[in-house]
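Model the placement of chain Y with the ligand on the given structure of chain R, informed by the hints.
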Amino acid sequence: MTEASTPEHVPAPQTEIQGQTLVAAEGQSVPDVADVLIVGAGASGAAVAWRLAQAGFSVVCLEQGRWINPSLYPTNERNWEILGRHDWNWDPNRRRNPEDYPVNDSESAITPLMFAAVGGSTIHWTAHAPRFHPSDFRVKSLDDVADDWPFTYDDLEPYYDLNDLMMGCSGINGDPAVPPRSPRPMPPLPLGEDGKRMAGAFDRLGWHWWPSDNYVNSTPYLGRDACNYCGPVGFGCTRKAKSSTDVTYWPEAIRLGAVVKTHARVSEITVGSDGRATGANYLDREGTVHHQAARSVVVAGNGVGTPRTLLMSKSDAHPDGLLNSSGLVGKNLMFHPYSITTGLIPDLSETWKGPMGNILMCQEFYETDLARDFVRGYAFQFNRGSGPVNTSLGGAHEPVKWGAGHHEDFAERFGHVVTMAGIGEDLPELHNTVTLDDKLTDSNGLPAPKVTYTLSENSRRLMSHSVRSATRALEEAGATRIMANPLLRSGGWHLMGTARMGEDPERSVVNQWCQAHDADNIFVVDGSVFVTAGAVNPTPTLQAIALRAADYIAHEREDLKG
Amino acid sequence: MPTSDGQLTPADRTVLTHVLDQIIPPDGDFPGAGGLGLAERVERSSQRSARLRSALLSVLDALSLDISSRAEGGYAALEAERQISALTTVESSLPEQFAGFIELVYETYYTDDRVYKRIGWAGRPPQPEGFDLDPWDPAILENTRKRAPFWRQPA
Ligand SMILES: Cc1cc2nc3c(=O)[nH]c(=O)nc-3n(C[C@H](O)[C@H](O)[C@H](O)COP(=O)(O)OP(=O)(O)OC[C@H]3O[C@@H](n4cnc5c(N)ncnc54)[C@H](O)[C@@H]3O)c2cc1C
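The listed protein sequences correspond, in order, to chains R and Y.
Just so you know, our numbering puts 482 at position 482 of the first sequence, and the rest follows in order with no gaps.
Just so you know, our numbering puts 24 at position 24 of the second sequence, and the rest follows in order with no gaps.
Next up, chain R with everything else stripped away, as it sits in the complex (with noise of 0.2 Å):
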């Protein structure tokens, strides 16, 4: 374990080299063979990427996005909300930029939603960053679903500090729906006046409330900003207000000697006859094929990505894809289903004012409660109104109606918003899965993924729930008039269990250090590796899981060092 720092710095990236960017340190080199060669520069790459770096290892991050500056978000832009739902869509398939992969998604219930740059999808985060719960890791003890992790919450704790810290936290201490902890570094965001509106509610229902842990500054924190409560936090942060890894974990990281290569697409990693890795072979800008030879492979591509990029890596020693020996690579694929219950409150005005979501949470319904008709449970987190023309657009409801009666239905709802958003725990599932498209290619021809899901019917009862509970919720807040969809087809923002741990290698891919039954030089430290799904955002865990893998690679695998 080691502390958080300060970034001194956002690199600029330094050289082009035929077709590839280079981000990297004044001086820095690429090596030859990088003792540890990272697919993904998102929110778990990152992470590694810090951790090695200052452990003193080698270390190149490919990535087939970008480096984005940040003060080419839309919310600098007047027409920001054209921009969020044309070109920095967070559906893959909408914005089409050639750094993307299409995603197939015609036999699935939720589209899954991502970004490809440096920083990944945490470009497009929102930022709420709570923890699972300690059931969350023991499911099949408690509850007799699913299975148990191989390491508890307790394990887990000290990394989700560390990432707290680095990721820098906004919230306080005292929830009674989660286990005490050590203190944010920031105090909580203000609730607004809708949030308060919705505590207010609770307490006279005697459910649970607490603020949300952000990472979203509430103070100047490490350098960036306190936020400012714009809005819009979903196209990105032009202030770095918000915590994306280009501007927390990537500056420390590269100031470190990480270096990482952006538009570069890995089409396989690569292995020798033994089964080891040897490094990754990824095209360029321009298609250009490049090999990066390494000592090891850490994949961090996200619960689609990852698969993808697995399945794309047949040899002779993987002949069903890297790492698949147990044929688990892209199935147990696991979203948070997500209800949407909006209210319209009159006399609430203005609720755009404010970050969009991650107001506060209701965990009243988190955990396994016998009387109601499902196992596992849900949470509520709030969203908030939005400009002129997403309100039109009804978000995840129908639109303002058209002809007459228009403009009383777009008054009704304009800046009278109230989200409730209800997270529920998905279960996981061997048809849900991840596999290659036999058709649909991204830009360098390479088979995008297909994303295969249904809703199960514990998932259909509990997001039913959440409607009949928000609608209660909503009710006593006055509002006058309820929306409701119990399942949001585009919030398919959490990807997780397509490549899951555990200590058996015939029912799983990875073991507790994230490290490859197949493969002990390759490590997979996304969502992937989830083995439940919890029912809160997933990536504070995530990064501290690949946190807890970049430990053990650091203290235990100084053999992978040249």
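Among the clues, some could well be false.
Claimed, not checked - DSS-like, lysine-lysine: derived pairs with alpha carbons at most 27 Å apart:
#1 R:K439 x R:K196
#2 R:K439 x R:K314
#3 R:K401 x R:K353
#4 R:K401 x Y:K146
#5 R:K240 x R:K401
#6 Y:K146 x R:K240
#7 R:K353 x Y:K146
Since the hints were made in silico from the structure, they are not lab data.
Relative to the frame of chain R, chain Y with the ligand by itself:
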């Protein structure tokens, strides 16, 4: 009817203006989307995405093929009620394209400065100004703090 290479004719633009006034009608003395002269911007904005462009062309195409309106001198010549019912028919026969068309019209209307003023939206970029919120006050937690811990401790 849009030309075979997907361009709008002058007649299409006239139809579009009438359609816009039915989709977002006048509000008191404030003109509808057609009266605001948004047809040209709708056409231009449709270039943003192949999906929206195809939605625009499909809706105009469907309206121009409407046999009863053709008999009466085309969509623009119809009474308001007939214009609305022609649109309702397109909405049910081409739901996806019609939804894309609505998206395009709303995106255009709700980014117009005159509309911003009317609905009380500042129309500035979110940054660098942001907004003010009352500071965080921990007193609001009084109730929840009284509650005993209720998370489950695994054995
Ligand atoms: C709009 C949005 C809002 C969200 N809000 C929250 C939130 O509030 N709280 C929360 O906890 N989570 C949230 N999430 C989810 C969160 O962003 C992810 O859980 C997290 O970023 C996952 O981290 P990761 O490292 O697994 O993958 P990512 O951050 O997605 O990074 C993976 C990187 O790998 C790269 N990559 C993939 N394959 C290859 C390849 N073959 N070659 C080269 N590069 C490759 C990708 O380009 C990408 O940059 C949100 C996500 C979105 C999209």
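Now the hints, each set against the structure:
1. R:K439 x R:K196: Status violated; Cα separation ~51 Å.
2. R:K439 x R:K314: 18 Å, holds
3. R:K401 x R:K353: 25 Å, holds
4. R:K401 x Y:K146: Not OK: K401 of chain R and K146 of chain Y at ~45 Å, beyond 27 Å, violated.
5. R:K240 x R:K401: Status violated; Cα separation ~37 Å.
6. Y:K146 x R:K240: 36 Å, violated
7. R:K353 x Y:K146: Violated, at roughly 30 Å.
The structure fails hints 1, 4, 5, 6 and 7 (numbered hints given earlier, in ascending order).
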